[in-house]
Amino acid sequence: MAVRSAYLARKGAKAEKSAKKSDIANSGFTAEEELKAYRDMLLIRRFEEKAGQLYGMGQIGGFCHLYIGQEAVVVGLEMAAMDGDQRITSYRDHGHMLACGMDPKGVMAELTGRKGGLSKGKGGSMHMFSREKNFYGGHGIVGAQVPLGAGLAFANKYRGNQNVSYTYFGDGAANQGQVYETFNMAAIWQLPVIFVIENNRYAMGTAATRSTAASDQLGMRGEAFGIPSEQVDGMDVRAVKEAADRAVEHCRSGEGPYILEMMTYRYRGHSMSDPAKYRSKEEVQKMREENDPIEQVKARLLKANRATEDDLKKIDADIREIVTAAADFATSDPLPDDSELWTDIYKVA
Amino acid sequence: MPTILMPALSPTMEEGKLAKWLKNVGDQVKSGDILAEIETDKATMEVEAVDEGPLTEILVPAGTEGVKVNTPIAVIGAADAKPAGVAAPAADAPAAPAPAPAAPAVHGAAPAEMADPEIPEGTEMVSMTVREAIRAGMSEEMRADKDVFLMGEEVAQYQGAYKISQGMLDEFGPERVIDTPITEHGFTGIAVGAAFAGLKPIVEFMTFNFAMQAIDHIINSAAKTLYMSGGQLGCSIVFRGANGAAARVGAQHSQDYAAWYGAIPGLKVVMPYSAADAKGLMKAAIRDPNPVIFLENEILYGKSFEVPKLDDWVVPIGKARIARAGRHVTIVSFGIGMTYALSAAEKLAADGIEAEVIDLRTIRPMDIATVVKSVQKTNRCVCVEEGFPQFSVTSELAAQIMTHAFDYLDAPVARVAGKDVPMPYAVNLEKLALPNVDEVVAAAKGVLYV
Chain A
1 MAVRSAYLAR KGAKAEKSAK KSDIANSGFT AEEELKAYRD MLLIRRFEEK AGQLYGMGQI
61 GGFCHLYIGQ EAVVVGLEMA AMDGDQRITS YRDHGHMLAC GMDPKGVMAE LTGRKGGLSK
121 GKGGSMHMFS REKNFYGGHG IVGAQVPLGA GLAFANKYRG NQNVSYTYFG DGAANQGQVY
181 ETFNMAAIWQ LPVIFVIENN RYAMGTAATR STAASDQLGM RGEAFGIPSE QVDGMDVRAV
241 KEAADRAVEH CRSGEGPYIL EMMTYRYRGH SMSDPAKYRS KEEVQKMREE NDPIEQVKAR
301 LLKANRATED DLKKIDADIR EIVTAAADFA TSDPLPDDSE LWTDIYKVA
Chain B
1001 MPTILMPALS PTMEEGKLAK WLKNVGDQVK SGDILAEIET DKATMEVEAV DEGPLTEILV
1061 PAGTEGVKVN TPIAVIGAAD AKPAGVAAPA ADAPAAPAPA PAAPAVHGAA PAEMADPEIP
1121 EGTEMVSMTV REAIRAGMSE EMRADKDVFL MGEEVAQYQG AYKISQGMLD EFGPERVIDT
1181 PITEHGFTGI AVGAAFAGLK PIVEFMTFNF AMQAIDHIIN SAAKTLYMSG GQLGCSIVFR
1241 GANGAAARVG AQHSQDYAAW YGAIPGLKVV MPYSAADAKG LMKAAIRDPN PVIFLENEIL
1301 YGKSFEVPKL DDWVVPIGKA RIARAGRHVT IVSFGIGMTY ALSAAEKLAA DGIEAEVIDL
1361 RTIRPMDIAT VVKSVQKTNR CVCVEEGFPQ FSVTSELAAQ IMTHAFDYLD APVARVAGKD
1421 VPMPYAVNLE KLALPNVDEV VAAAKGVLYV
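Sequence order for the protein chains is A and B.
Quick note, the first sequence lines up with residues 1 to 349 if you use our numbering.
Quick note, the second sequence lines up with residues 1001 to 1450 if you use our numbering.
Hints listed in this document are in silico derivations from the structure and should not be mistaken for laboratory results.
By construction, the Cβ of each residue, glycine as well, lies at the ideal position given by its N, Cα and C atoms.
Do not rely on the hints blindly, as some may be mistaken.
[Said to hold, decoys possible] Listing some non-contacts, in silico: residues in chain B with all C-beta distances to chain A over 12 Å:
hint, residue
1, Ala1115
2, Gln1159
3, Gly1326
4, Ile1368
[Said to hold, decoys possible] If we take Cβ atoms under 10 Å as the criterion, some of the chain B residues that face chain A in the derived model are:
hint, residue
5, Phe1196
6, Leu1233
7, Cys1235
Put together the whole structure using the sequences plus the hints.
Below, the structure written as structure tokens:
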């Protein structure tokens, strides 16, 4: 079958291409960038661990989807952003908020549903926004953020600015029809949007291999619309940053959308109530030991003498302090006033 | 001898202009030849011959306006027939041009139905169709605010499936009048995203039936985000298009969504009847910082009303209008339901019953105060809509009236709604499925116990 063999040929070529890119990336960061990436990823890791702990203590209710394991994706992409760029994602959103500089206290207090939460306690883990940081949520319906993100890009194009919309979604959302409706319009209107597919290999509890055709080549789905794509080692923050630079350059120069398929992995279950019995402990363990994004940076920093163990311990201590302060705030801040039930339903002109 | 009749060129067309004859009397006509061009309010269409033979007679001359559907317009004779000629212009034309217009109508000239108290006394009124009024409302706001743009299927090059946006591409250009692919879910999400970023999109749904594909973005993305963000992220957007039954288009193209959207906190829902309200509410909807559902009706598009000639005619969202004053019974309706309500009031008047007719205009937030005030006076109420009867706008009205005016009621609130069936296609069944004037009259007499 011609189509099938074309796919297989491209698959081989792509794998070779992305391996090469990783090699280039391995020589890419300055010491400053490496340390920033380490710090930002560590903040997400420690924050999420604390959130998991607070969930277990009953301080966080409802759904809570942790990002642990995927930190390199959002941190690498943020390193390519400029002022005014927008970002939007699904309900697995804490990492994205921290990476774009939103206040950890406000995020954690939203998880606990308190007055000082970023949505005044009315949104919860899945629904936070920041006008100041151009973070547009935080969306609970799988795939819905994809046209919304293209709409942010539409506004950039309408206004004639240079900004780019970072639109994140997972391998599960990649099967939603609205994603392809959006690819089509983003392509015909040449919208400055980077579609970041975080392929963590599981759509909730269903392995991508069981739910998704050609599940190891999701970026290729853009080819039908003429949208260029790259498959990237999403566990290596330098490969992510380098691919992000190319995507951003493409979008800012008015050439339309770009797809980055980030091959990544989520260590935890889909949400806190998911025991993740659909995969083996060994699979998770192997990923953690061989590909952990933070350990990779740490090893490189030490090996290149860009930091000492003590330097890293100091960063670790700083991060723990930030996270502890966020947790303290989130558990001591009062609940929203009862009167908040009736506010923010309509905006007054 | 085959007679050519004025054809119906759309489900709701009742009349049109015979723009041009492309065959002359005496010409041989073959099946498939173009005989004439006909202008409807939506488009110019060609009429093809089905029968063959010489064109022996032209009954309606070129340029005649208001030719009713099914009027004979020409005759094709047998192969050897002699031509009879062309009817003299204006001689007994099916719809003679209107007599010389009287002085322009002036507001406050005591028409049978009550005028809008918001229109200043002495304002000049101009006749306008609902279609023109919606277009004027959008165009005025687009001239005033560069952040406003229109997107939807066929809105630009095709000039609008129902010609609402006719001419707007020429005036505003392709950056602001944007044709979309037929992907409601996707383009609605893109429009909502653009609104998050501060633009003010107007999304045209060819009909609201297709908006069911997009309802997740209307409700989950547009309506709820202000609340979910603790007031940070608003969504100023208008979703508009034809809603409810048209004529003979079957179950999937004939649903009224007023009650669906009326149920959602975070949305505003308007459903104008008159052209004046259509224009004024459109301008208010575009300026509103919240998502507004603007429900139009295909049958009303071509209906003409008096519209105030004012630089900036804006009708506030959330205010009902007393369309006709009366003291015996209150009839509440909205949108096309007003046609039944007003006709019923006229019939009731012949029996000495003075009905007060209230046009809700806005479904959400609903102006219950105006309704209650009227019911406190009349003590009886009939609520009328075309939508399905269960969990409907009229059931909400009945509940609200019971809560706020129970002690004033001399009879249970009566409702006249569409029947609890999918819309049928057959002409008789469709008629049965919709409300009618007699049902409203009967309901009014019912609550009056006469």
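Hints, verified against the model:
1. No beta-carbon of chain A comes within 12 Å of the beta-carbon of Ala1115(B); the shortest separation is about 27 Å.
2. The claim that Gln1159(B) is not at the interface with chain A holds, since no C-beta of that chain comes within 12 Å of its own (minimum 20 Å).
3. The beta carbon of Gly1326(B) sits about 33 Å from the closest Cβ of chain A, which is more than 12 Å, so the claim that it is off the interface holds.
4. The claim that Ile1368(B) is not at the interface with chain A holds, since no C-beta of that chain comes within 12 Å of its own (minimum 17 Å).
5. Using the Cβ-Cβ criterion of 10 Å, the hint placing Phe1196(B) at the interface with chain A is satisfied: the shortest such distance is roughly 5 Å.
6. The interface hint given for Leu1233(B) holds, since its Cβ lies 5 Å from the closest Cβ of chain A, which is under the 10 Å cut-off.
7. Of the supplied interface hints, the one on Cys1235(B) holds, with its beta-carbon coming within about 9 Å of a beta-carbon of chain A, less than 10 Å.
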